[in-house]
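Asker: Each chain, written out:
Number of protein chains: 2
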Amino acid sequence: MTQVRNKQVILKDYVSGFPKESDMNIVDSTITLKLPQGSNELLLKNLYLSCDPYMRILMTKDTTAGLGAYTPGSPLTGYGVSKVMESGHQDYKKGDLVWGMTKWEEYSLVPATGMRKIEHTDVPLSHYTGILGTPKKGDNVFVSAAAGAVGQLVGQFAKLTGCYVVGSAGTKEKVDLLKNKFGYDEAFNYKEEHDLNAALKRYFQEGIDIYFENVGGKTLDAVLPNMRVHGRILVCGMISQYNLIQPEGITNLAHIIYKRIQMQGFIAPDYYHFYTKFLEFILPLIREGKIVYVEDIAKGLENGPKALVGLFSGHNVGKQVVFVAHE
Amino acid sequence: MTQVRNKQVILKDYVSGFPKESDMNIVDSTITLKLPQGSNELLLKNLYLSCDPYMRILMTKDTTAGLGAYTPGSPLTGYGVSKVMESGHQDYKKGDLVWGMTKWEEYSLVPATGMRKIEHTDVPLSHYTGILGTPKKGDNVFVSAAAGAVGQLVGQFAKLTGCYVVGSAGTKEKVDLLKNKFGYDEAFNYKEEHDLNAALKRYFQEGIDIYFENVGGKTLDAVLPNMRVHGRILVCGMISQYNLIQPEGITNLAHIIYKRIQMQGFIAPDYYHFYTKFLEFILPLIREGKIVYVEDIAKGLENGPKALVGLFSGHNVGKQVVFVAHE
Chain V
298 MTQVRNKQVI LKDYVSGFPK ESDMNIVDST ITLKLPQGSN ELLLKNLYLS
348 CDPYMRILMT KDTTAGLGAY TPGSPLTGYG VSKVMESGHQ DYKKGDLVWG
398 MTKWEEYSLV PATGMRKIEH TDVPLSHYTG ILGTPKKGDN VFVSAAAGAV
448 GQLVGQFAKL TGCYVVGSAG TKEKVDLLKN KFGYDEAFNY KEEHDLNAAL
498 KRYFQEGIDI YFENVGGKTL DAVLPNMRVH GRILVCGMIS QYNLIQPEGI
548 TNLAHIIYKR IQMQGFIAPD YYHFYTKFLE FILPLIREGK IVYVEDIAKG
598 LENGPKALVG LFSGHNVGKQ VVFVAHE
Chain A
298 MTQVRNKQVI LKDYVSGFPK ESDMNIVDST ITLKLPQGSN ELLLKNLYLS
348 CDPYMRILMT KDTTAGLGAY TPGSPLTGYG VSKVMESGHQ DYKKGDLVWG
398 MTKWEEYSLV PATGMRKIEH TDVPLSHYTG ILGTPKKGDN VFVSAAAGAV
448 GQLVGQFAKL TGCYVVGSAG TKEKVDLLKN KFGYDEAFNY KEEHDLNAAL
498 KRYFQEGIDI YFENVGGKTL DAVLPNMRVH GRILVCGMIS QYNLIQPEGI
548 TNLAHIIYKR IQMQGFIAPD YYHFYTKFLE FILPLIREGK IVYVEDIAKG
598 LENGPKALVG LFSGHNVGKQ VVFVAHE
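Chains as they are written, first to last, in the working numbering: chain V, 298 to 624; chain A, 298 to 624.
Everything labelled a hint here was simulated from the structure, so no lab data went into it. Treat the hints with caution; some may be incorrect.
Copies of the same chain are indistinguishable here, so a pair counts whether it falls within one copy or spans any two.
Claimed, not checked - Calculated cross-link-like contacts (lysine-lysine; reagent style DSBU-like; alpha-carbon spacing at most 30 Å): (1) K358 x K498; (2) K456 x K478; (3) K515 x K358; (4) K414 x K596; (5) K498 x K478; (6) K596 x K309; (7) K331 x K390; (8) K469 x K498; (9) K390 x K414.
Can you build the whole structure from these sequences, using the hints too?
Answerer: The following block contains the structure:
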């Protein structure tokens, strides 16, 4: 049996503070392109890998998050799009395109349970790395990290349901994108606002009904007093906090009482049972161009670490993906 | 028309930091015990007044809470039990006992809309100053300020629904009360725990399903990492924060994502439409002794400021009430 090169991105050690490219090694290992005897797993050729902020949480050793942690010396894991080279599971066959939990390497052996078959290939394959949460109907919606993987879509969905939508982002380029491409009503560069509270008051004279939280920290603290009575905060991420040894303190939480706010944290896997329904909803919108989706594609597994690290200083515009190989 | 003395508790000026007795004046004003011509209000003789932590929020001038603020130079307002002396409203007549929003004085003229008639007088009248929120069914419940007005009842309701219930309070006397009178499974004195996180781990090896939040601050920060997946936090109050010019920062909020926590703030008036149902539920329980209710009754309007101020250093055991007059 021939062995082939299997380039991998390895986590060197647990990370403290901002992750650096040097926290990861690119190594050439080898792999036999054959399923072990009796295995019910899948042998995959990885095509695209997803860069997600939550991956930083898994780089911390003593995580109280309970989401698990990476193993130093092993490849990173994460969402990806792959092609089945060999299948030990009856639901999959050679040549199937799948998405799900794979590893940062050229070829992976993974359990079939973490994978889903891609049935619709008339939209770009990389889109299958984009998992998202949808906001409910409402009036005044504020989205932070609005030009990111999730934010760009949240704003468009909110517009489709007739909301007034304002987004924040960290560069002029992203603010323009929000207003001109994603259809946000208003957008601002949080780095140019010395008073976030005043910025929010400018765009939400009557307060915020729904805040879609991607960043945490100072933004959340500024949002809380600007919420309306019975407002809702959907907590998808707090990217500004993941690299801090001591997170910033949120001081305005008593507004949860004053405004009777509902705050709900969520992670995508809890909602996978809606995935088929979601596809029925989203695929026509993508095909008809009613939803636009911007990807920032880094080319080559060896550029994975740079792409991943870039998330935390806002280098990516839209969803950050790593292109590994053609089918 | 005879004028009579009307003793009042007046807020001198807006308060910063902990409220002091000297922030209030006891003054003798006078009142004519007659409704103004054509008034549709109620002239009340006040019997009991409720001391509630939220009153501190109304003592702050530039409140962003949006709950309103007291007017310096005027009597405090708050929940009370009163007797109707004269009624300008068809739903009430002389001699009716009522509860609702009144003022800290012997006699008050108030709108009828803020009042409800007391139909059941076989339970102590002062009980009508006790408004509370009920927890949902669940497994492991933690209640802070558990020997306070709300906490004592939350724990008992949770026990009635079959929960494992642990409470925290600030003295040995209160801890004993929790275990021996209110039926809490466990209780601890938070002032004797140098590591709140460790204390919670001791009582909740499998984590907390429901946290009933009365205190905020360090307790909330210790609770968050101890929550279970899909746990719920009901936010009733944050008494530890009301006197602080700069509230303590909550640093563990990212657990809202990790544990997919739902946090819901509430205030009692939002749920008044359930009041009749609540009475049907609670009155038999009180009569049968299945729910015990501890009150800390300060005697005399002139002792109102001391009673109110005492809330913030935990002087009260159970619900703090001010007895003003017999019927």
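Asker: Each of the hints needs a verdict: does it hold here or not?
Answerer: Status of each hint after checking the structure:
1. For the homomeric pair K358 and K498, the shortest alpha-carbon distance between copies (20 Å) is at most 30 Å, but the shortest distance inside one copy (40 Å) is not.
2. With identical chains, the CA atoms of K456 and K478 are at most 30 Å apart within one copy only, with a shortest distance of 12 Å there and 55 Å across copies.
3. Taking the closest pair of Cα atoms, K515 and K358 come within 30 Å of each other both inside a single copy (26 Å) and across two copies (24 Å).
4. In this assembly of identical chains, the alpha carbons of K414 and K596 lie at most 30 Å apart only when taken from the same copy (24 Å versus 73 Å across copies).
5. Taking the shortest Cα distances, K498 and K478 sit within 30 Å of each other inside one copy (24 Å), while across copies they are farther apart (49 Å).
6. In this assembly of identical chains, K596 and K309 lie within 30 Å of each other by CA distance solely inside one copy; the values are 22 Å within and 69 Å between copies.
7. In the homo-oligomer, the alpha carbons of K331 and K390 lie at most 30 Å apart inside one protomer (14 Å), although the nearest pairing across protomers, at 89 Å, exceeds that limit.
8. Taking the shortest alpha-carbon separations for K469 and K498, only the intra-copy value of 20 Å comes in at or below 30 Å, while the best inter-copy value is 47 Å.
9. Within a single copy, K390 and K414 get their C-alpha atoms as close as 10 Å, which meets the 30 Å cut-off; across copies the closest is 73 Å, which misses it.
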